[in-house]
Amino acid sequence: MDAQRLKDSFGQVARQGDAVALFFYADLFVRNPHLRDMFPVGMSAQRDRLLAALGRIVSHVDDLPALVPFLQQLGRDHRKFGIVAEHYPQVGASLLATLRYFLGEDWNDDLAEDWNSAYSLVAKVMNDAADDDSLVWPAWWNAQVIGIERRRFDITVLRAVPDRPLPYRPGQSVAVEAPGRLRQWRYYSMANAPRSDQTIDFHVRLIDGGPVSTVLARNVQVGDRLRLGAPVGSLTLDADSPRDVLLVAGSTGLAPLKAIMEEIGQRPVPPRVRLYFGARTADALYDLEDLRKRAAESPWLTVTAAVSDEDPGGAFEHGLLPDVVARAGNWSGHDAYLCGPPDMVEQTADRLLRLGVPGGRIRFETFGGDR
Amino acid sequence: MTSPDLPVRFGGGPPRLTPGELQSVVFPRAPLGRRGFDEDRVRAFLHQVERELAQILAEKAALADETARLRRHLAEGAAGAVTALPAEDAHIQAVRVLSQAQQTADRYVEDAERYSRELAQEARRHRDEILADARARAALVLEEAHQQATGAAAAIASSGEPLPAGERRDLEREIAYLRTFSGVYRSHLKSYLEALLRNVEEWERSEHDAAAAVRAEPPTAGS
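Line order of the protein sequences matches chains A and B.
Residues 1 to 371 in the numbering used here are what the first sequence spells out, letter by letter.
Residues 1001 to 1223 in the numbering used here are what the second sequence spells out, letter by letter.
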């Protein structure tokens, strides 16, 4: 297998952009019509994801230590879509047909051999990881909605209970499929540490025009079914750290940090926790009541709320979270966990770094891509 | 006796010679006084064989040309593009048709999402306006109540009634103020809240209908 030849040929094909993925899926569905049902009606986002994943795989094809973990996760992620071993050769055939079509006269036996062995390797790593995963986890969990709290017209707290235990670490998230929006999965963080009754809270914010968030935030009713994928994510508590903790949450970015806060609270001697919860307007501080109640019960917890787009008149801090956090003092001795819109997270991390918090002690996650 | 000049006619052309006829050909003896076969009949037969050979050679050449032409056509097709092979061609056609159908579906989905986004943004703007309006009205109601109450208190203060100590007079003035204030404030606020509530109820009804519509979507395979 000639890695450079592989990269060059992919580069040549990838220049055709969306047409490549369009051809690939059409070829796949013409050869295997039954696979069409596994995908959503609108395929634009799916095509973007395919090209991104292919690009990433090809660019790392000669760097297996980086590539293998990515492929293993990809293999595990695909279980919830119903992908099984027999689908891999079907995908491989369409991939090769697509490359052959777009390379035209540049396609030859050597390239066919390169791509064939590369794809076989990719499929094997993905499928092996999926097989290993299936020994431990189901492909997905069925869950039932048992509680709905509409906190604002566009913010809802859902409580669901999965049909079997779903072990996860606070701070992680799962892909969620909403009723009436089949084959469209969106990631949501568990907003609580694992409970003995297995219930899980999700904080959902409606994104204007978002097909899934709209259903979850406004249409879901008690008794409705959700499907949940396996837990993923590395925004988890450094349990060995002796340091105090700073949590900075923008809007529904609160969810994973609240789970981490609960995990800390279960320790015999919790470290001091400073939680900053920010939004544009006061009515978007959808969970402040509960946070304040917990702060009143927990001497180790301090909650500070901030709004940026209106004058809170002394009730809360006024300003953007990066500014509010930065002016609040010296964080160099803290572990920081950040979650919220990309700008907020990026700027807060930047300010903390400049204030002397080592990069290794700042853990963060952003949202915004999912609708 | 079989005559060589009686071959079977096939096709519309001149009579063709068959290998069977060659084998069974019999010439009549020469007329009396001469030896061997009848010369004229032999010459005529040789002539027929010559014609037959010429025709066969011509047909052979034409077939060779046709074969070469077809070979060339095939070779050009294979080197040119995948579209030369009929099966492959049909597959690519199918892929194209499906691609176009998918693009149409994508456009519909995109349009629907954009429409939904615009509606939601519009609703959000309305909500913000209503809230801002409510705040402004509340401030107005407060201000008006405050003014009326101040007036009422002033009226008490200036009424010529004999008043006890200054402290008591201040207190009464305060009570009159508060009573008037709360009365005015309440009646204003009540009518405003009732109007708002009617709005919300209407909104919830339409919301409920929309949710019911989503629920009524036909089930999809595998759900």
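Check before you lean on any hint, since a few could be wrong.
Here are the in silico distance ranges between beta carbons for each label pair [said to hold, decoys possible]:
hint	chain 1	residue 1	chain 2	residue 2	range
1	A	Pro341	B	Ala1134	25 to 33 Å
2	B	Ser1206	A	Asp197	31 to 39 Å
3	A	Asp290	B	Gln1121	40 to 48 Å
4	A	Pro299	B	Ser1187	18 to 26 Å
5	B	Ala1134	A	Asp290	52 to 60 Å
6	B	Tyr1108	A	Pro299	51 to 59 Å
In silico negatives: residues of chain B with every beta carbon more than 12 Å from chain A [as the list claims (entries may be wrong)]:
hint	residue
7	Thr1018
8	Pro1019
9	Ala1094
10	Ala1105
11	Val1109
12	Ala1112
13	Leu1131
14	Arg1168
15	Ala1210
16	Ala1212
To be clear, the hints were calculated from the coordinates, so they are not data collected in a lab.
Quick reminder that beta carbons are idealized off the backbone N, C-alpha and C, glycines included.
- [ ] Against the structure, test the hints numbered earlier, and report the numbers of the ones violated in rising order.
- [x] 3, 4, 5, 9, 10, 11, 12, 13, 15 and 16
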